[in-house]
Structure formats: structure tokens, C-alpha cells
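Undergrad: Residue strings, one per chain:
4 protein chains.
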Amino acid sequence: MHIGFLGLGNMGGPMALNLIKAGHQLTVFDLSQSATAQLVEAGAQTVASPAALAQSEVEIIISMLPAAAHVKSVYLGADGLLANLKAGVRLIDSSTIDPLSAREVAAAAAKNGNPMLDAPVSGGTGGAAAGTLTFMVGGSQTDFEQAHEILSVMGKNIVHCGASGNGQVAKVANNMLLGISMIGVAEAMTLGVSLGMDAKVLAGIINTSSGRCWSSDTYNPFPGVLDTAPAARGYSGGFGTDLMLKDLGLASEAAKQVGQPVILGALAQQLYQSFSAQGNGGLDFSAIINLYRKDT
Amino acid sequence: MHIGFLGLGNMGGPMALNLIKAGHQLTVFDLSQSATAQLVEAGAQTVASPAALAQSEVEIIISMLPAAAHVKSVYLGADGLLANLKAGVRLIDSSTIDPLSAREVAAAAAKNGNPMLDAPVSGGTGGAAAGTLTFMVGGSQTDFEQAHEILSVMGKNIVHCGASGNGQVAKVANNMLLGISMIGVAEAMTLGVSLGMDAKVLAGIINTSSGRCWSSDTYNPFPGVLDTAPAARGYSGGFGTDLMLKDLGLASEAAKQVGQPVILGALAQQLYQSFSAQGNGGLDFSAIINLYRKDT
Amino acid sequence: MHIGFLGLGNMGGPMALNLIKAGHQLTVFDLSQSATAQLVEAGAQTVASPAALAQSEVEIIISMLPAAAHVKSVYLGADGLLANLKAGVRLIDSSTIDPLSAREVAAAAAKNGNPMLDAPVSGGTGGAAAGTLTFMVGGSQTDFEQAHEILSVMGKNIVHCGASGNGQVAKVANNMLLGISMIGVAEAMTLGVSLGMDAKVLAGIINTSSGRCWSSDTYNPFPGVLDTAPAARGYSGGFGTDLMLKDLGLASEAAKQVGQPVILGALAQQLYQSFSAQGNGGLDFSAIINLYRKDT
Amino acid sequence: MHIGFLGLGNMGGPMALNLIKAGHQLTVFDLSQSATAQLVEAGAQTVASPAALAQSEVEIIISMLPAAAHVKSVYLGADGLLANLKAGVRLIDSSTIDPLSAREVAAAAAKNGNPMLDAPVSGGTGGAAAGTLTFMVGGSQTDFEQAHEILSVMGKNIVHCGASGNGQVAKVANNMLLGISMIGVAEAMTLGVSLGMDAKVLAGIINTSSGRCWSSDTYNPFPGVLDTAPAARGYSGGFGTDLMLKDLGLASEAAKQVGQPVILGALAQQLYQSFSAQGNGGLDFSAIINLYRKDT
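Residue numbers (our numbering), protein chains in the order written: chain A, 1116 to 1411; chain B, 1116 to 1411; chain C, 1116 to 1411; chain D, 1116 to 1411.
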């Protein structure tokens, strides 16, 4: 299939590459020449603007952009995709943005005759390279089914979350809970250790009790508990504090828009913000435990 | 074996009963006559005071009391157990109290020649009746092994958490995390639903993602998600809000004693306190989601 | 002077009226016909659009709009003020919006040859009617001095806060502190009363001690302490919970934009959000004490 | 008058000295020999135990002890004051402890025929030396009036807060509010400065607006705003972080005992705890602003 791809950053680049490897014809756009160069080398064509991409013969366009402002500008701008796109071309936005913006863009696309899905991902750059991302997809059942094959090239878990915007809802809700749970585990582990327990023993008990959670059993932030977690390698790699901060910002913003309190969510956001302001934004988010450790 | 049992409340009563059913000889004490009557009917002897219990021929004494003040008074008081107990009698305190008090009492017991374990439980009144409690045990390896058989009569999971007091540490650390996670799930679920998602679909996504936790996959607070959770029966039964509040109070108190911050833990305590002050202390703690639901 | 006025709501209406009463010639615009009708009756002319206002002979334009999106649209839109305004016409935006948006609009105005001040107010609808508002003004010293006379018609305190955007900064910083202090007073008062103190005695002590603050000595939220506070009239009138919520939202949004933690500020926002979600958004913000009172 | 004084630390020492200077006869007790030596040099007699103090000819006993455990032990212990005191001797406890403990001890004293006041102070070591402390006094009107003259020797503000325990209530309520306000000011000031305002200008606006409070106008934590505040001398002297932490601990403990939520109070406690755990417990509590400053 002839696919257009917009936004070739750390995530978008490897995703586009997997589409080429699977035999698809790609036309790509990115502001960075070096980003496109790599894809061209792999066989992609390149265009000079979103408008040019829209005017090319692509059947579907996938975008992976940093924030809602970029998504709105690329899709809704005077020189953007919708203004230049013929009806029927399908759209998938894999950017992580707030649900209301996602719905606004999808509604404009629908009006233009372009079925659109929001399909934010989780799984990190590792999952993007390996083609094992999770896609949380919002949009109609039909559009979801049509997109399934292509998304499966880039991901392993393709989950339909309901109508337009719900892919974003699922992502911000899950990641807000993740951000809270990680701090909860950080507090429980440091409290236990401060009171004299062995970290590994405590994690073992929690992981078979009612405190059990992914942040404890798969990604425990206390060094020495899990060999495979970022805590075992100085909190490098993984899911950066500033990315968690971005998602918590989306969660509290979306909550504000619908008048929904998110008390622990907002506090968690502030704690990651404090940690980031101390210069730790590039560390894996589980490093938040360093706010609590007295021995470091 | 001849066992002394002190404190025959909602938990202690059924626990003592299971010991009788297993063929042990029981001598019991409780301030409430009706509580002892039931045990006497089942074959237990009764005594008039902790001192009398200490002076009887029991080989081991198990206590299940409401708070540290009771434990200290019963064990350390002028007319208490230690003042009247001969060396060698073994002690197990299954009360949930702060770790430092547990260590203080255990140290006094050791000085008196009485090996002591702290062994708080989880599993609720249901688990107490069914003999399926989890015991989190602090004390020496030898003492733990000696107590294992008797604890197994009352529980299914008997976990050694390390030295004296660590049973309490494990319990408060786990339950603090549980209290935080439950509010985190409540916020994530209500945020998602306020933004237009179906609760069951959202829970399904969370339960296979990084937000996965016991509070979501086993005890989800949103009505309609799980048939077996308290949310399905109006938040009756289960683990009461005021019990969670007590455990969070122990956690923040223990944290204060060792100068350890527990930021989300303290906020969670205040939120359960708010919910309890509104008259909801008797509801299962997952009812905390009602602080967040706009549709109720 | 010939003044243009945009946005004739609860605040803007009375402000514009005071300008007419002071002898100025007014040309006004508002989407609501009934809002303009009142001003026309008082002697104002009316125009059909922001563009028409810009093309009229006004020497200065004052705007009072609900949110940053409106301000950006009215000033920066294709049919907006700047696109239709000749250089030299001075601009004053009295809307309360985030500082970065205020600076963005002011920079565009400067580029267009139109000196612009941000001048958000405090003092409520009462102050707007009485002409006793406080204006917190951001912009150059010269522009501030030129605007002083006109602002003095509508307000009593005209404070220069520094360069462009700083009027907004001063307002969100002050109001965030106000939102926090009010909850602090609510907690201190209810704690004291729950512990057995008389509310008036407690307030008297606080007001001569280190807890002294405007929320306690001038606007005490506990009923019976001050005859003049909203607490004495069922929390009607005053500064609405939803207005406080809006300002706290601006504060946390601005904080996010500059990576500044505001931990209590964000928590205060969530507490007012909870209170508003329970249907209390129209009550004076000091009614937040009802989240804490067990006797009501 | 012949006065007994118990507890000659940083506060009690200078207070006792002022009583001697005013011509009173003092009999003192402290575990530290060097503490008593200084008073003996000034003319005091010394005794070897609280019991001996009780058995001496004192007409009134004043105590100034670190925590409730000491107060209970000194007053209620088997060898304590009450067990050795004849009826009629009056008692004043100036320790800062939780209100319920204060009431428990006062009730026991009353039963023993000894009228007792709780009279915690504020004003720091400076005020203790200068005799300018504030006394917040709980107890009967008669007892308060009788004690007024002696308290006036040590303090300038002698405030009757109502019945027994209310001196402690007033102190914890005021200081909890103070702890919250200070963090509120820290957040407002750092937010404003991060957004580009001058700290002194911002403080000036806040101090004439609704954010006005003692923490801003008298004790502003931002360096350069006030020459007289601890911020001007590296946060040395003043009211230590660990003392604020103790008072917030008393507030949240008392709140727990009466089931009263104190949400910001508990969060403030955790933030001072975090700051103290980083090694800053000895700095003035206004140094908490360093948790927020990105430029330091």
C-alpha cells in the first residue's frame, strides 16, 4: 500500500522503517533532513511539505508529532493536510495529545471525507524498532478494522478503545495511574527499607499481596530488586521523567476540561516536575524514588 | 498444644475457633463475655485476666488487639503478661500496630525469656473464618519455623519478613501502597469515563498495560467492571474505609518516626479521612471512588 | 477621549459605563445584543465586529474577555483587531489569561505599532461598578503612565508590575496564594473547632499571630467570625469558586510552561475542582470550608 | 513567690532566669547538670528529681519539656509530680504537646487537687530571653487570672484560649496555618520570579492584596525582599524546619484523633519532612523555598 508518514523522530522513524520492510511504499515528510535521509536510503520517497504529502497518491497517512499544537497545525492549517487532501484518504494520528484536541481534528477530518483514527502508542523506542508497540485506537469499528493490518506491522497489541479520541483517553488514564503507582511503590519501598526491611523481601511480599502492580513486579524502582529494570542501570533508558511529565500534564489538562478532579494525579505531576526541575528530566521516571531515598 | 488466645473480636474469634477445630487446647481471654462464651461453647477454657492467662499452663500465647496501646498495656503493664509469664512461653502478636511499638514489646519479651513474633494478618474476616489468612511474620528464623505449624492452621500464606517488627513493616508498606493504588485507579477510571470511555473497556486496557494493579484487576472500584468486587454490592463487606484509614495512620506515624517522607501516602490518608468524615467509614475502602464520581 | 471597549460582561459592562460617566466617548462591541443595548442607552455607539471597532476612530481599545482563546482570536485572528488597526492606537487587555499568551499578543501588537498593556483586575463586580478595582499592569513605564488616567476612572489601585505579561503574573501568583491560604484557614479553623475551641477566639488569636492573613482577618470562612464575610450570608456573592478555579488553572498552566513546581497550588486547584464538581461552583470560594466541616 | 521550674533547655533556661530577675525564688530541676548550674549561679536552688521538686515548698510549678511522653512521665509517673504533690499547688505546662495529652494530664492534676494550665509559647529563644513570648493558655478563667502576673514576667502577650487543652489547640492550629502559608508564599514567589517578575515588586503587590499574610509581609522567604527575615542571613536563626515539622506532626496527630481532615496540613508536613530528610532540618523553616528555586 502507498502510505504517507509525517514525523520521523525517535518513534516515527523506526515505525516508518518497519512499514518499508513489510513491503509498503512510503512517502515521508519531516522538517529534519537527516531524519528523512535515513528513510530515503531505505527506499522512501520524500516530499517538501504536508500539503505536498496530501497531494501525493497516498492511500493512508500516519502522523507522529510532539504535541497537540503540531497536530492541529499540520492537519488544520491553511497549508495543512485537510486543505489539500481528497476525500477517502484515511488518517491515523499516533501522536500523544489531549483527547479533546484529537476529537476536534477527527471531526474536521470526517467533515472533509477523511476517516481518522487516534492511535497513540506505548512501548518506547525499543518497541518502535522491534515492531512490538501497543496501539490504543479511537475511532469507528470499521475504520479500526481497516487499519488493523497496517498497525500490526508496527505493533503487537492493537486495542480498540471506542469512538474517536478514546485512544488518547485510554493512554492518559493508564499513564496517569502508572505515574501514581510508581510514586506509591517508591514510597512503600523506601518506607519499608527505612524501617529496616530488605528491599527484595519487601518487593516479594508486595508482589504477592494487594499492593501488587506493574511498577513493583516488572519495573521496581529500588536498585537491586530487579535485574531488568532501569533501577539496575542507573535509571538510563526506559520511559523518561519528562515524557511521564508530559502525559500527566495531558491528564490534568483533560481533567480540567471536563471538570473531573484528579487529586493524586495532579500531585504526582508536581512531584515529577520537582524532580525534573532538579535536572533529572532525562532519567527514567522510576528514578523518582531518589526524591525519597535518604541513603543516596 | 495448649494455646492461650487474647482478643476474640471479629478476627480473633474465628482464628481461635480454627485452632480448637484443629484439636488444640485453648485458654482464652477477652473483656467481652459474649465473645468468650462462644469459644467456651466450642471447648475453650476462659480466664479472668491477662495475668491469669500468663499463669496458666499455656505453651504459646497469641494476641489479636485493636491498637498499640492495648498491646503495650497487655504485655508490659504491671498486671500484664510479661510480669506473670515464665520464661520459654512463646508469644505471637497478630495485632496490626506500628513497627517500633512491636519491636519495643518484642525486646521486653526477649529480656523476659519469651521469644516473640509479630504476625499481622491480611485477608479479612472471611479469611479468618476460612483459615486462609496471610501472616506477615517478623522475628528470628527459628521462632518463625516453630510457629509455622500453628499459623498454618489459621492461614494459607505464612511469610517470613525478617527480624522483629518486620511483619508490621511489610503490612503497613503494602497497605499504604494499596491505599494509594486504589485512589489512583479511582481517578483513572473516573477520568476515563468522564472523557467518554466505557468503564469495562478502560479497565481491560489498564489491566494489560503498565497501570495494571490489584486494585484494578481484582478489586476494581468502578461499578459494573467486576462482578466479584465490593463495587458490585454497594461497597458492603470487604476491607472497611476506617480499617484502611487505621493502616495509613500507622504508615504515616512510622514514617514520621524514621523521618521518611510519604507524600502520596499522607495525602491518601487525608482523602480516606475526608470520606470517612462524611459518614462512609463503614463502606469498603474502594468506595473512595465516590469522592470522584460526578454521576452519583 | 474616544475609547473602544470589547467584552461587556459582568465586569466589562460596569467598567465601560464608568468611562462614559467620566465623559469619554465610547464605541463598544459585544456578541450579546442585550449587553450592548445597555451601553448604547447610556450614550455609547456600537459596531458589528472587532474589525469594525479597529477601523473606527478610537484612540485606545480596552478588552475584557473570558479566556486566552478569545483574546488571541479577537486580537490575532484574520478578521481581528491587529489586522485592521492603524499604528499608534493603544491597547489594554484587562482579561485574566496566562502570562505567556499575554506576552504573545502584546508582541504581535508591538510589531503592528500598537503599544499594549496587560491589565487584569481584582475587586469583583462590586469594584467594577464602584470604580474601585485594582489593576495589575504589565508593559513599559511610558505606556503605563499614559494609561494611568483612564485606568483610574475604573479603579482605585493602579499598580505597575513590570514588563509585558507581568500584570498577569502578579494576578495568578497572588490568587494562587489566596486559594492556598483560604484552604489553610479552613483547615486551621475546622481543626481548632473540632478540638473544642471557639471559632471567634481562635480567629482572634490567629489574626494577631504568625498565621495572620487576609483569608483569616478579612474574609474568614467560618460562619460567625466576621459579619461582613460571605460566610455570614451563606457564601453568596463574593468571588466564586469557579473563578478561583479558573485562576488556579492559569497558575498551574503557567507553572507547567516554565517547569516550575507548584505543589500546594496544584492540590488547592484539585480541592476547588472537587468542591465545584459537587455542584458548588457558584458559591463564594471561601465555602470550600464545607469540604472540612463535619457539623454541616 | 516560690516557683518550681522543670526543663531548662533553650527555652526553659531563659524563662526561668527572667523569673529570678523579677525577684522570685526558684527551685529548678533538669537532667542536665550544666543547665541547672547556670540557674544556680543566678540564685536558684536545685533538686534531684521531679518528686523532690513536688515535695519542696513551691507554690507553683512550671514545666517546659520536649514532648508529650516527657510531660506524661514527669506528671503522671509513679515517681512523678502528681504522686508527690500536695493539693493546691498550681501547675503550668508550657511544653508544646498534642491537646488530648494536655487534657489528660490536666484532668489527672485536677483530680489531685492541683489546678493546671497548658500554656505553650511562641516567640522563639529570642523572645524567651527578652521576656516577650506569647503564651496561649488553656484552663479556667480563675486559674488564668491567677497565673497572669507570673506569665507576664516571661511574656508580652498572654492570651486565654478557653478551657483546658485549648492553649495547645490554638498553637497547633496557628502553626499548621503558618506552615501552609509559608509554602504558599514560597510557591507564589518562585512562580512569579520564574515567569519574569521582580521578587520585591511581587511581594509588594501581594502584601497589599488578598494574598497578604505574615509569611509574606513579615517573614518573606525570598532572599532580597526583607532585610530582617531569615532569608537575608542564609536562613540561620529563626524557627527551625524541624520545629515546624514537630508542630505539623502534632496537628496531623490531633486531627487524626478527632477524625478531622487536614489535607494541605498533611501535605505541608510531608514537604518539610522531605526538606529535613535532605539535611536541612536546622535551617529556618522559610528555607523550604529552596525546594522550589531552580536558580539555586
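Source of the hints: derived by calculation from the structure; they are not laboratory data. Incorrect hints may have been included.
[As the list claims (entries may be wrong)] If we take Cβ atoms under 7 Å as the criterion, some of the chain A residues that face chain C in the derived model are:
#, residue
1, A1183
2, Q1372
3, V1373
4, I1378
5, Q1385
6, G1394
7, N1395
8, G1397
[Said to hold, decoys possible] Quick list of simulated restraints, FRET-style, between CB atoms:
#, chain 1, residue 1, chain 2, residue 2, range
9, D, Q1372, B, A1225, 57 to 67 Å
10, D, G1124, B, E1174, 30 to 40 Å
11, A, S1147, C, G1203, 37 to 47 Å
12, D, D1313, B, A1347, 51 to 61 Å
13, A, A1225, C, K1226, 30 to 40 Å
14, B, Q1393, C, T1240, 48 to 58 Å
15, A, Q1261, C, E1174, 41 to 51 Å
16, C, A1198, B, G1349, 40 to 50 Å
17, A, G1228, C, A1198, 50 to 60 Å
18, C, S1188, A, H1185, 15 to 25 Å
Yeah, the Cβ is synthetic: ideal placement off N, Cα and C, and Gly gets one too.
Undergrad: Need the list of violated hint numbers for this structure, in ascending order.
TA: 1, 2, 3, 6, 7, 8, 9, 10, 14, 15, 16 and 17
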